[in-house]
Amino acid sequence: MTAQTKERTAGRPNAFLRFLQGVRGFFKLVFENKQAFAGMLIMLFFLFMLIVLTNVFPYDPTPNPYQILAKPSWEHPLGTDELGRDLFRRIIAGSRSVLTIAFLTGLFTVAIGVVLGMLSGLVGGWIDRIIMLVTNLFMTVPTFPIMLVLAQVTTITNTVIFSLLLSVFSWSGLCRAVRSQIVSVKERDFIQICKVMNLSKAHIIFKELFPNIASYVIVNFIMIMRNAITASVGIMMLGVVAYDHTNWGAILNSAQVYIMNPNAVLLWLSPVLFIVLFQTGVILLANGLDVVLNPRLRNS
Amino acid sequence: MENTEKTKAGFKELLVQTWSRIAKFFWDSRFFWKRLGIAIVNILFAVLLTFLVLTLTPTNAIDSYAQTLVEQRGISLDEARKLAVEILGYDPNANVFKQLWDYIVNLAHGNLGTSIYLKDVTANSVIAQFLPYTLFISAIALLVSFLLGINMGSNMAWKKSPAKETFLTSYIVTSSAVPDYLWGLILLYVFGCSLGWFPLNGARDITNGLPVVIDLLWHAALPVLSMVIVQTSSWALLMRGSAVSVLGEDYVNAARARGIPNRIIVRKYLRRNAMLPLVTQIAISFGAIFGGSTLIESIFSYPGLGLQLSTYIGARDYFVVVGILFFTSVIIIFANFVADSVYSFVDPRVRRDS
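Each protein sequence line maps, in turn, to chains A and B. Oh and the first sequence: position 265 is 271 in the working numbering, straight run, nothing missing. Oh and the second sequence: position 203 is 269 in the working numbering, straight run, nothing missing.
Hints were generated in silico from the structure; no laboratory data involved. Be aware that a few hints might be false.
Derived lysine to aspartate or glutamate pairs resembling DMTMM-like cross-links, with alpha carbons at most 25 angstroms apart [claimed, not checked]:
#, chain 1, residue 1, chain 2, residue 2
1, B, 230, A, 134
2, B, 226, A, 134
3, A, 207, A, 195
4, B, 185, B, 157
5, A, 201, A, 250
6, B, 72, B, 94
7, A, 201, A, 214
8, A, 207, A, 88
9, B, 100, A, 134
10, B, 148, B, 186
11, A, 40, B, 231
12, B, 164, B, 137
Facing chain A, from chain B, some residues (calculated, C-beta under 7 angstroms) [what the hints assert, rightly or not]:
#, residue
13, 109
14, 121
15, 379
All C-beta atoms, glycine included, are put in the ideal place defined by N, C-alpha and C.
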């Protein structure tokens, strides 16, 4: 065994340990920040709801005409809905649809925004101009009405396509921000030094540039999830996309008719409360992570 | 001979002068022309986008329209089909470029779209009838939230105290955690259903005998309030950021050193200078309100353009939908263009930068 291979094998556990330490450091920082901690707890609650509660309390979609809009009881903690189904279970089942849409939209949007933004910032020239022109176009069209119309015209029947539609109209802000970050980081000394040292382009992009915008992208990912929920619930509430009646927006859509009915208060109030709880968690987590991950804010 | 040469030279000089003046005018206002170019490209993009929606419409919509024409006018199906294509300005069997050209020609003539289900209803008539209501609530909401936000933001920047900081943070978190249409739902239940202070739907009620303006404001109160709650916080945040940077400027310190009362510093030095960058934001957020009023209007059944849009989308009357969509886009693009141009004339630094 040569000295080199020894070094390499010895390097591996070190790298793994360093990774673990990084994760531990991250969580330590999250625990120290009150906002991030509260946001994390709320997110964990929703994850618990998605993974455990949906299996513990399965939803039965068959209508029960004898129990329409029943008051809360031990059997039905939130009462029943307009067709006599258990509202508590319907909301839990709806978390799957809502959270998947939010997550996928965040993923797609970040993918489009970061790739185009980095391309625009790194390459410059004509590509930069064209991408910025397109970004500008997407920033000046009335997003919500267009999404509404396209959702109706294409009769959306699954979550992936719905998320794609949402992200096509929400990447522009992120793209512009990533571009301006890249442009400002690109001119700093450490990148110039890397170029002088003749390091590969891939190294510069993934090891030097990307870590600098990573925290920004994570915070944006979370805020895009928030916007995705606002938009998707709104579209569902207007009854335009109706492939899943457990989605909280769909519950609101059916509850709107009963707003005068005092028995149906929980029917619209409980999805509203769950949406608000989720949004609050998302905002707290994003604000907290912004402080935790951004070294300039952390020190002050 | 000499004389004519002299006039020739004089004429030439005049020509050169005129040309250089014209060139100087264009060069001086190059920022404006660039903005105008961007606005035109944006409008072309809006044309393409709305055309895309049009091509996605199912073909049988036109067949059913031809069928209604047959019943209405007592003509043969073939003739009715031709007439339908002519009235709608869209032939589903033609190739894409022909369709796009027809669509552009139609727009150039000012026909935004004809309803295929309702007689004598066009996008133009819908817009003329319902636009004023949307403008009314959007403008009030924008004005109120802008003034409130400016005040709140400059106060936060001027006197920092932990209590204010906590208040602002919690207000921002709550107001942005609840989307404006959910605020609308909550307000509708509390003030409309439970307390009964405000009407549940509509924009006018002729039966209650109130003066017109009071009645309109009374009906607009809840929709406007739900928009104001959400928007004030974003104005406050923007204003705080802007005001903090103004507070670092020398002229503010100089004003303090001269013994100018704080009240006047805040009003004349801080607020006015910090407001300037927010001018562009007004137009952008006006566009956002204008496009996003669909949900608010449908919750309060407020008869604005947004409610009409969602109604016609629900009815699958796509030609009217496309017309409203195009009109909304043009308004937003125009608002952005005006804001950018005005801002560049108000603040010369912007002109120099680009």
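Checked hints:
no.	hint	result
1	B:230 / A:134	violated, 43 angstroms
2	B:226 / A:134	violated, 41 angstroms
3	A:207 / A:195	holds, 16 angstroms
4	B:185 / B:157	holds, 20 angstroms
5	A:201 / A:250	violated, 53 angstroms
6	B:72 / B:94	violated, 32 angstroms
7	A:201 / A:214	holds, 11 angstroms
8	A:207 / A:88	violated, 60 angstroms
9	B:100 / A:134	holds, 17 angstroms
10	B:148 / B:186	holds, 18 angstroms
11	A:40 / B:231	holds, 15 angstroms
12	B:164 / B:137	violated, 29 angstroms
13	109	violated, 10 angstroms
14	121	violated, 10 angstroms
15	379	holds, 5 angstroms
Of the hints listed earlier, those the structure fails to meet are numbers 1, 2, 5, 6, 8, 12, 13 and 14, in rising order.
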